[in-house]
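Chemist: Spelled out, the chains give:
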Amino acid sequence: MGKPSDLVQGTLDLLILKTILLEPMHGWAIAKRIQQLSGEVLQVQQGSLYPALHRLEQQGWIKAKWAESETGRQAKFYALTVAGRKQLEAETANWNRLSAAIDLIVAEV
Amino acid sequence: MRWLAKLRMQLEMLFGRDRAGKQLDAELRDHLERQVAENIGAGMSADEARYAALRSFGNPALLREQARSTWSWNWPEVLLRDVRYGIRTLNRSRGFSLIAIAVMAICIGAATSLFTLVRSVLLRPLPFRDPDRLTMIYEHFRAPAFNKDQFNYNSVAPGDYYDWHTKTHGFEDMAAWAWWNFNLSSQSGELPEAVTAAAGTWNLIPLLGVQPALGRSFTEAEDQPGGTAVMLTWSLFQRRFAGDRSIVGKQIRLNGKPYTVVGVLPPSFVYPTAIMQLWVPYGSIFGAGSPIGPEWLHYHDRHFIHVVARMRPGVSLADALGPVKAVQYQLHLQYPTAPVAEDVAPRDINEDLARDVKKPLLVLMCAVGCMLLIGCLNVANLLVARGAARQKEVAIRGALGARRLTLIREQLTESLLICAIGGAAGILLSLIATKWLATSWKDLPSAEGIHLDAPVLFFSCGLVVLAALSAGLLPAISSTGKAVFAALQASTRTAGGSVSRTALRKTLLTIEIAVTVVLLIAAGPLLKSFMRLRTVNLGCATDSVLTLSYSLPQQRYDKPEKVNAFNEALLERVRALPGVLGAGLGGMPPGSGPGSDDIFYVVEHPPVRPGDELPDAQVRRADPGFFTAMQIPLLSGRLFTSQDRGDQQNRVIVNRTLAARYFAGENPIGKHINVPVYGTANFEIVGVVGDTLYKVNEPPFATAYFPEFAGVGDTRISLAVRTASDPLSFSVPIQKQIAALDPEMPVDDVLTMRQIIGQSLGNQSFSASLVLAFAVLSLLLASVGLYGVLSYLATQRRAEIGIRIALGAKREQVLRLMLSDGLRPALLGLVLGLAASVGAAQWIRSLLYGAPAVDAWVFASVSGTLLAVSLLACLVPAWRASRLDPMQALRTE
Chain Z
987 MGKPSDLVQG TLDLLILKTI LLEPMHGWAI AKRIQQLSGE VLQVQQGSLY PALHRLEQQG
1047 WIKAKWAESE TGRQAKFYAL TVAGRKQLEA ETANWNRLSA AIDLIVAEV
Chain R
855 MRWLAKLRMQ LEMLFGRDRA GKQLDAELRD HLERQVAENI GAGMSADEAR YAALRSFGNP
915 ALLREQARST WSWNWPEVLL RDVRYGIRTL NRSRGFSLIA IAVMAICIGA ATSLFTLVRS
975 VLLRPLPFRD PDRLTMIYEH FRAPAFNKDQ FNYNSVAPGD YYDWHTKTHG FEDMAAWAWW
1035 NFNLSSQSGE LPEAVTAAAG TWNLIPLLGV QPALGRSFTE AEDQPGGTAV MLTWSLFQRR
1095 FAGDRSIVGK QIRLNGKPYT VVGVLPPSFV YPTAIMQLWV PYGSIFGAGS PIGPEWLHYH
1155 DRHFIHVVAR MRPGVSLADA LGPVKAVQYQ LHLQYPTAPV AEDVAPRDIN EDLARDVKKP
1215 LLVLMCAVGC MLLIGCLNVA NLLVARGAAR QKEVAIRGAL GARRLTLIRE QLTESLLICA
1275 IGGAAGILLS LIATKWLATS WKDLPSAEGI HLDAPVLFFS CGLVVLAALS AGLLPAISST
1335 GKAVFAALQA STRTAGGSVS RTALRKTLLT IEIAVTVVLL IAAGPLLKSF MRLRTVNLGC
1395 ATDSVLTLSY SLPQQRYDKP EKVNAFNEAL LERVRALPGV LGAGLGGMPP GSGPGSDDIF
1455 YVVEHPPVRP GDELPDAQVR RADPGFFTAM QIPLLSGRLF TSQDRGDQQN RVIVNRTLAA
1515 RYFAGENPIG KHINVPVYGT ANFEIVGVVG DTLYKVNEPP FATAYFPEFA GVGDTRISLA
1575 VRTASDPLSF SVPIQKQIAA LDPEMPVDDV LTMRQIIGQS LGNQSFSASL VLAFAVLSLL
1635 LASVGLYGVL SYLATQRRAE IGIRIALGAK REQVLRLMLS DGLRPALLGL VLGLAASVGA
1695 AQWIRSLLYG APAVDAWVFA SVSGTLLAVS LLACLVPAWR ASRLDPMQAL RTE
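From first to last, the protein sequence lines stand for chains Z and R. Start counting the first sequence at 987; every next residue gets the next number (the working numbering). Start counting the second sequence at 855; every next residue gets the next number (the working numbering).
Simulated from the structure, these hints should not be mistaken for lab results. C-beta atoms are modelled at their ideal positions from N, C-alpha and C, and glycine is treated no differently. Any given hint could be a false lead.
[To be verified] Covered by chain Z, according to a simulated footprint, are these stretches of chain R (three or more residues, beta-carbon under 8 angstroms): (1) 857–871; (2) 903–915; (3) 920–928.
[To be verified] Just the calculated beta-carbon pair ranges, DEER-fashion: (4) R:Arg871 <-> Z:Glu1056: 22 to 32 angstroms; (5) Z:Glu1009 <-> R:Gly875: 19 to 29 angstroms; (6) Z:Glu1056 <-> R:Pro914: 16 to 26 angstroms; (7) Z:Asp1089 <-> R:Ile941: 35 to 45 angstroms.
[As the list claims (entries may be wrong)] Result set (DSS-like, lysine-lysine): computed pairs, CA atoms no more than 25 angstroms apart in a straight line: (8) R:Lys1179 <-> Z:Lys1051; (9) Z:Lys1049 <-> R:Lys1664; (10) R:Lys1416 <-> R:Lys1111; (11) R:Lys1021 <-> R:Lys1179.
Start from the sequences and build out the full structure, keeping to the hints where you can.
Modeler: Here you go:
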């Protein structure tokens, strides 16, 4: 495997929501966290990260706040909203159903 | 709660857009700097770290756009940016923009005006209750001779209407009306006035479902011979009575007789046309003091009324009409030798009102459609040409990350801007043009109701969008394809644009020219007949002849002696005026319409067999001096003398057509004719005169002239005066002579013979010249297109031509090269257009004029004109190319 896998279509939203479930984070940290947690397998392209963050914000699932970051500079921190929490549950359930189904097929072989 | 958050977000995006933009930039910068910091941490040098971060980050501008595109209110922002960008680029090449906008303004303006007319004349419902259930009923002769013009709606005879109305019950109701004229006497110092009026049955206004604006409509009791009620139209009420409401119940004097105003019609009531001034009860025009007596109510052979019927709900027209047809056929059998039609024909009331303008309007719509197409092709061609010039810019923008859709959208915005600005200018233009059209086109019904309104504006906006799409899409797609990146690789010395784009431009040009040819060929016959009309010979003097009309009310001129006394005194006074070469009285001047025609019998001939065509002649009157004054030649026999009156009045003069048609191979002089409408008297033919035309483009009709000095009152008399100098300057002196004889006598239709010919030609020549104008405009547009494309090609090939000249090519060779390059699409278009015309124009013309022959004259002249115009359009850029200074051409770029 030469380069890190591209994300499965439509799962980026789920990953972002899950990543910021515990604490608000800025964009860079979200990308890094996804990369770390996936054992460097998943690499989020900046080209899709920021459009996704802005889309989720427009949808009302996450909200943004400017705060001082660990480097001492102002950064935009994204946090889950109540609606986002529900959306995360829905997307998680959906993902579980989907991956279980794929597992079933793949396990057959 | 989510909707609240979303709403807050939307408001924030709407009002805090700049801040959000700055924050986005800050966010992305922050990310980039963290990446750089990480890279340095991993051991890269500062520069290396930055480059690596930028590489992984991608195109920041593109990234920003992608993030922004998820924001709400993105589309108006994008639109605004596109528009701003479009205006900037259009502003940069003003010449191009102005030409394109002007082309669109003309096309959209013309289409809007025409659509306004079509809508108000053909599409707008009449201001009546349930107009769909109204129908006109006409008499219908089955003989082929009556049907040759595809117009077989004959006015109805009062007796026929009476029988239909009383004997059939298929319709909810049936009403009748007839044209009429009155002299409206002065009341308090106004001038006496001749007014166009109509006589309608008492049930007509209720049947149409019209509420009088003031007062009431007629009662059944008023609808009788001798009735003296009158309703004013809104325009007369406003114009002559200044909208004074107290006029209702008062009396006005018509033909010297008092009539009581019972009501005023609403402004929307302009039926049958806007020139109608007042209405009287139908029955009132039959009877004492009128040229038609009460017995006319039951005549079956004198056709002059119009019948309107309202259908019952749920009863089909055919079912309702069945009994009427039966009654009419019975009448026909009852009067086999009289002109009583065998059948009746219904006619849609809208179509009836639109009369003869429907065809010209459709022809014009076709012409405007063609012109619009040519205009769009033209703008498309200009855009393609400009696309070629902007090739590099587009390529650079594409390389910087602009998506193809964005590029197409931007170019479309540009063509939309051109069309929108052009459309706005066009709508302004059409406001003026429509007003002018409505006043110059006299045949148009409801001319007062013609104005721009919301649906017309919608139509124009639709046209603008359609034009923008059709003009912009092709160039936009062609100039943003993958191939554009080749422009970046190409050296600056490459000669001209890509081959495919040049081909596209030439194809567009070819289509444009082909459409122009079709339009020109379709308009050709119109031009031809138009030129023929201009040089027509009416058969009488037409230069320096003034005519005017008056009618002597029977009220005061109740005896032939009184009528003759006035007429003779007037002739004597007019002939004594200095500069008058001749004066005569007649029923109506030549060229002013068909007037009335009547059936006659030649006494010396055997009776006409049933089923044969009945002899028919137009009826005119003439005083002894009329033919001399009008310079109508006497062919045989004699003219009238002043003795042809009283018991000597049973004389008649016929024209050459009547003599040739009904007295073939015999001498008509001394024969007698009987006109049943005039009673039992036989008229002796004393002379034969030359033909005059009753209408400019119609063949001469059999005509019989009766002596004016029979002294019939209440009929229209027309005075014709031939003068030594400008005839119009005689109108006031002649009117003074009339006022001196009778101050209450109104005069109307003061026209020179030239004006009468103009009027008779008027509408035909008007619509013909409009089509012609569109054809010429299209030719102009096509030549502008040809010129524009060719000059672009020439500027693009400057370097190439420079090299050719530098290498020794002769100027003539360059000229020939450029000419052949431009003329090839023109020639191809011409050939294609000619081929298409044989099919399409043939079909259109046979549909519209019933004249299928495509004649060589039109083909030759269209081809010649087009070639000459194309040559001219090609010559300028070609000549300029051949004069190129090679050194300068090679040094530029």
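Chemist: Against each hint, give a clear statement of whether it holds in the structure.
Modeler: Each hint, compared with the structure:
no. : hint                                       : verdict
1   : 857–871                                    : holds (count 5)
2   : 903–915                                    : holds (count 3)
3   : 920–928                                    : holds (count 7)
4   : R:Arg871 <-> Z:Glu1056: 22 to 32 angstroms : holds, 30 angstroms
5   : Z:Glu1009 <-> R:Gly875: 19 to 29 angstroms : holds, 27 angstroms
6   : Z:Glu1056 <-> R:Pro914: 16 to 26 angstroms : holds, 24 angstroms
7   : Z:Asp1089 <-> R:Ile941: 35 to 45 angstroms : violated, 58 angstroms
8   : R:Lys1179 <-> Z:Lys1051                    : violated, 88 angstroms
9   : Z:Lys1049 <-> R:Lys1664                    : violated, 75 angstroms
10  : R:Lys1416 <-> R:Lys1111                    : holds, 18 angstroms
11  : R:Lys1021 <-> R:Lys1179                    : holds, 11 angstroms
Hints 7, 8, 9 from the list above are not met by this structure, while the remaining hints are.
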